[in-house]
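Residue numbers (our numbering), protein chains in the order written: chain A, 1 to 140; chain B, 1 to 343.
Source of the hints: derived by calculation from the structure; they are not laboratory data.
Check each hint, because a few of them may be wrong.
Incomplete in silico selection of chain A near chain B, CB under 7 Å [said to hold, decoys possible]:
#, residue
1, R35
2, V36
3, V44
4, R46
5, A93
6, S98
7, V124
Cβ-to-Cβ under 10 Å is the rule here; a few derived chain A residues that face chain B [what the hints assert, rightly or not]:
#, residue
8, I22
9, A90
10, H114
Since the model is a prediction, treat every value here as computed from it, not as a measurement.
Idealized CB from N, CA, C, for every residue including glycine.
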Amino acid sequence: MQDRPTVHELLESLGRFLDEEIVPATDGRRQFLARVAANVARLVDRELASEEPQLDDEWRRLRAIPGLVAGDAEPTGREALRRAIAEATAELAGRIRSGEVDGEGPRRAAVLDHLRRTVREKLVVSNPAWIEADEGAEGP
Amino acid sequence: MKPEFIAERLVPFLEAETGASVRLDGLRSMTGGATREAFRLDAVVERPGRVAETHPLVLLVFRPGGQRAFGAREEFRLLEALGRVGAPVPRPFAAGEEALGRPFYLMERVPGEAIGRRIVREDRFAAAREVLPGQLARALAAIHRVPVEGDALDFLPGPAPGEPIAASEVDRLEQLYRAIAVEPHPVFEVTLRWLRSNLPASAPGAAPALVHGDFRIGNVLVDEQGLRAVLDWELAHRGDPLEDLGWICVRSWRFGNDRRTLGGIADREALFSAYEDAVGHGVDRAALRFWEIYGNLRWGVFTLVQVRGFLEGIVPSIELASIGRRTAETEWELLQLIEGRAR
Chain A
1 MQDRPTVHEL
11 LESLGRFLDE
21 EIVPATDGRR
31 QFLARVAANV
41 ARLVDRELAS
51 EEPQLDDEWR
61 RLRAIPGLVA
71 GDAEPTGREA
81 LRRAIAEATA
91 ELAGRIRSGE
101 VDGEGPRRAA
111 VLDHLRRTVR
121 EKLVVSNPAW
131 IEADEGAEGP
Chain B
1 MKPEFIAERL
11 VPFLEAETGA
21 SVRLDGLRSM
31 TGGATREAFR
41 LDAVVERPGR
51 VAETHPLVLL
61 VFRPGGQRAF
71 GAREEFRLLE
81 ALGRVGAPVP
91 RPFAAGEEAL
101 GRPFYLMERV
111 PGEAIGRRIV
121 REDRFAAARE
131 VLPGQLARAL
141 AAIHRVPVEG
151 DALDFLPGPA
161 PGEPIAASEV
171 DRLEQLYRAI
181 AVEPHPVFEV
191 TLRWLRSNLP
201 ASAPGAAPAL
211 VHGDFRIGNV
221 LVDEQGLRAV
231 LDWELAHRGD
241 PLEDLGWICV
251 RSWRFGNDRR
261 TLGGIADREA
271 LFSAYEDAVG
281 HGVDRAALRF
291 WEIYGNLRWG
301 VFTLVQVRGF
311 LEGIVPSIEL
321 ASIGRRTAET
331 EWELLQLIEG
341 RAR
């Protein structure tokens, strides 16, 4: 276990330094890139905070899609979990491509629901404002 | 390319082009793009016994390599053709290659703002935003009138003779996606299936038109009175004119002003109805929806292209790196559009 400051505190400090000291001291393209860098610091902060529950949720949803994941073996450790999710997602992409999820019906609805939740989890990390604009009125 | 080198080589080139004595003022680098460098300069043309003429110009120097459908001379010819139909484009001035050792052309430097965020948000463009939908529609109608048959613009990529336009665009986009994606994107797979089962029925024998290919806020010059010029022609091709109307509605070009579906400045319907007036016939809303969904997928695939440059270490820029995390924005919008939840 590391000493304070925490990763969150360090990244917050990095973002603030870029925003408050580098952005005002630069212009044009360099200023734009400094803003991008500050956003990256905040993105990494959000990712560290939410990655574990997001990976667990995504895997649980993939397992719930009938016939997508063979066997009952559960991946152990975060790397194995990432690999399992990547494989199941590649399999899902192939099935969509081959037309298995065309038309209407519960199977398509279940797959689209999973995809929407997965994309939502990506945006919670990369750009929360993007979904807030759509969910502001009606909630998630 | 160094400004001193350009100054030294460009003067004799322009003197030969104009048959007069030429002096360059204020030559300096502008923000270019991935495929070319841009410079601003004033060319002062002096003829004996006449008042000197000053031409405010932009010089575009094409970088070697790069994935480009056509080059500087071709783009120059395209601007000439656009000027002839009255489309608002910078007047082309001269094109060459030998003088700078790389293909280049010069065009009129039109004053105005190109930065989308400012056009969408700043108070000084409030009146411009009122008139832009009509101006953009009329500009598109003019662009789409440019004759693309014959030899003059034969460099423009497009569908093979007789090939249905929308299907061929989806084919080309899918090929690009398959070639560059490093991870699966199930939402893009859903979208490709949707596009293939919702291809707009083009009129039998409908000929392709000139399509700008990147027509959006950010690629047009705007001043307080509205549209001044349409820029950035490197993605021009022969295709379905409605592709341009769908592209400008892609959510990523709204600069955070998401409720205004036309580039963050107005409702998309303001563009569509003004375009119908300008071309003199109705436009199928289902086809426009198809092209907006196609446009969101196309931008999503373009984000994959850009991040590939970072992942392969070709362009180690933080901008390209962070674009990799923007793909999800297009995925979200695609699901919203396909499931009928988008604005």
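Status of each hint after checking the structure:
Because the smallest distance between the Cβ of A:R35 and any Cβ of chain B comes to about 10 Å, over 7 Å, the interface hint for this residue is violated. The criterion of a C-beta within 7 Å of any C-beta in chain B is met by A:V36, whose closest approach is roughly 5 Å, and the hint holds. Among the interface hints, the one on A:V44 is violated; its C-beta lies about 10 Å from the nearest C-beta in chain B, farther than the 7 Å criterion. Taken as an interface hint, A:R46 does not check out: its beta carbon lies about 11 Å from the nearest beta carbon of chain B, beyond 7 Å.
At about 4 Å, the closest approach between the beta carbon of A:A93 and any beta carbon in chain B falls short of 7 Å, and the interface hint on this residue holds. With a cut of 7 Å, the hint placing A:S98 at the interface with chain B is violated, because the nearest CB-to-CB distance is about 9 Å. For A:V124, the shortest C-beta to C-beta distance to chain B is roughly 10 Å, which exceeds 7 Å, and the interface hint is violated. With 10 Å as the threshold, the beta carbon of A:I22 stays out of range of chain B, its nearest partner Cβ sitting at about 12 Å, so the hint is violated.
Because the smallest distance between the Cβ of A:A90 and any Cβ of chain B comes to about 4 Å, under 10 Å, the interface hint for this residue holds. With a cut of 10 Å, the hint placing A:H114 at the interface with chain B holds, because the nearest CB-to-CB distance is about 9 Å.
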